[in-house]
Amino acid sequence: MFSLYKKEINSFFSSLIGYIVAGVFLVFMGMLMWLFSDTSILESNYATVDQLFSLAPMIFIFLVPAVTMKSFADEFKDGTYELLAVYPISEWKIVLAKFFANGTLILIILIPTLIYVYSVYQLGSPKGNLDLGAIVGSYFGLFLLALVFIAIGLFSSALTSNQIVAFALGSFLCFFILWAFQFVSTLPIFFGRVDDLVQKLGVNYHYSSISRGVIDSKDIIYFLTVIVGLLYCCMAILEKRKG
Amino acid sequence: MSVKLSHVSKSYSGKKAVDNISLEVGRGEILGFLGPNGAGKTTTMKMITCYLGQDEGEISVCGLDASSEQAEIAKHIGYLPEHNPLYQDLYVKEYLHFVAGIHKIANKSKVINSLIEQTGIGLEQHKRINQLSKGYRQRVGLAQAMINDPDVLILDEPTSGLDPNQLIDIRKLIQELGAKKTVIFSTHIMQEVQALCDRVTIINDGQLVVDESIESLQSHMSGDHVITVRFESSISLDKLRTKHKGIRIDEIEKNTYKISSDSGIPLNAELFDFAVAEENRILEMKTSALSVEEIFQKLTL
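Read top to bottom, the protein sequences are chains S and H. Counting along the first sequence from 1, when you hit position 47 you're at 47 in my numbering, and nothing is skipped either side. Counting along the second sequence from 1, when you hit position 35 you're at 35 in my numbering, and nothing is skipped either side.
Just chain S, with the same shape it has in the complex:
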């Protein structure tokens, strides 16, 4: 499994995908956080990096499926999956290796954003006037959200041998799980406690909860259940494909 994980990581950085994804994310985030007046930290008059955690999920809706779209679709298209499937490695290990490799890439992309936190820490009045607990929770939540998106991306990629289809489906499902439950819960057909339950099915509810700095076991269980469920579906698709 480690060999496949290592190969995936090498592929990201040898085919420039890793650099391009990291570059696009950081440039885009940097512009939104420091340049554009509507979202700039400098205009907000508060020592906070909330913009990072509210804008990053929206960028991830497109960025994560762009990274994961080739994971299986490319293997199917090139026929390399046929070899992978006859090597002594189980479908679970194939899925997990790809999941962890993508997770590592997202982690690497998130690390440079600590510069933003450091900058705001220095700019605070007094210096260091920053809710570090909430920031740690938010990073943790953002990473879990990215892992859910990766699982969705892998699932979409396992469904097709066309990267574009995998990307479009992945982005749609990421958008759906992040926002759709929240929108749907506001419909008048849901009332009483039902709208609350519908909202809880979406990622945004749990992400917002963790972002406040409160790491609740219910939220962690939600994220883990969604991730494991999607990876399991992904593995089932691969098994079925083997015929």
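FYI, nobody ran anything at the bench for these hints, they're computed from the structure. We treat Cβ as the ideally placed atom computed from N, Cα and C, and that holds for glycine. Do not take every clue at face value.
[Stated by the list, open to error] According to the in silico footprint, chain S covers these stretches of chain H (three or more CB under 8 angstroms from chain S):
no. : stretch
1   : 40-54
2   : 65-76
3   : 90-104
Dock chain H against chain S, hints included.
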């Protein structure tokens, strides 16, 4: 037996791709798998590798059941698929290290260096796979198939698209491997089967048409004499056909004919008598057995 198939069938959307095939291949045997496109060769090979499951019948590889012991079989098999899929963006050595890692091979570098030497990719070993010529890619594909020193090698058209020199090298390599391992390979090149294989299997429309050694196949078919005969002047083909039922006549050159018979009756004397009766003369007559190519055509057309 290293590989054993008993009454194996496989269908795709109701159409039988492989129909009740039984086959046994032992250690140290090279089996040539022949058949027209779409005959079921690749499907059969994929079932032996456990990539596809059979609908009916049983497959065992090195005594292991293909339906329940796939993980164990994977350790004993080396596979080169038809289109030789490789990770184009990896370097040759990087790719081989990756495959060796999946097979959990101890002493990776030593194994890889010896494979590089064996398959003759030494000069290209530091290149990216997408920079290699087709012949070298094929060698890399063979190297990955051999990396776990498998007991059974399944090679789906390993020599397709190679130039004559590369062809000779790869054939030599397959022959060396066949001395110790079970090699099953498919090809469309009949001379290759004659040069390499101990046994030949011809599959047509999913069914096994032939499964015997090259010698026995040729002697089995030797009833089908092929006579190449050159007359002094042209002959009436209709007269010859009327006189001798069940013969096939092809005019290959002016006044030169290739005549074969299904009946097994030697036609040499008959042709001589025919020439005398027609006041013609035979300038040249040559008798030969059917080549594997001709047998293949006879059985699959």
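The stretch 65-76 of chain H covered by chain S? Criterion: 3 or more residues, Cβ-Cβ distance below 8 angstroms.
holds (count 3)
Quick check: do three or more residues in the stretch 90-104 of chain H have a beta carbon closer than 8 angstroms to a beta carbon of chain S?
Answer holds; 10 residues pass the 8 angstroms Cβ test.
Taking 8 angstroms as the Cβ threshold, is the statement that the stretch 40-54 of chain H is covered by chain S upheld or broken by the three-residue rule?
With 6 residues closer than 8 angstroms to chain S, the stretch 40-54 of chain H meets the three-residue bar; holds.
In this structure, every one of the numbered hints holds.
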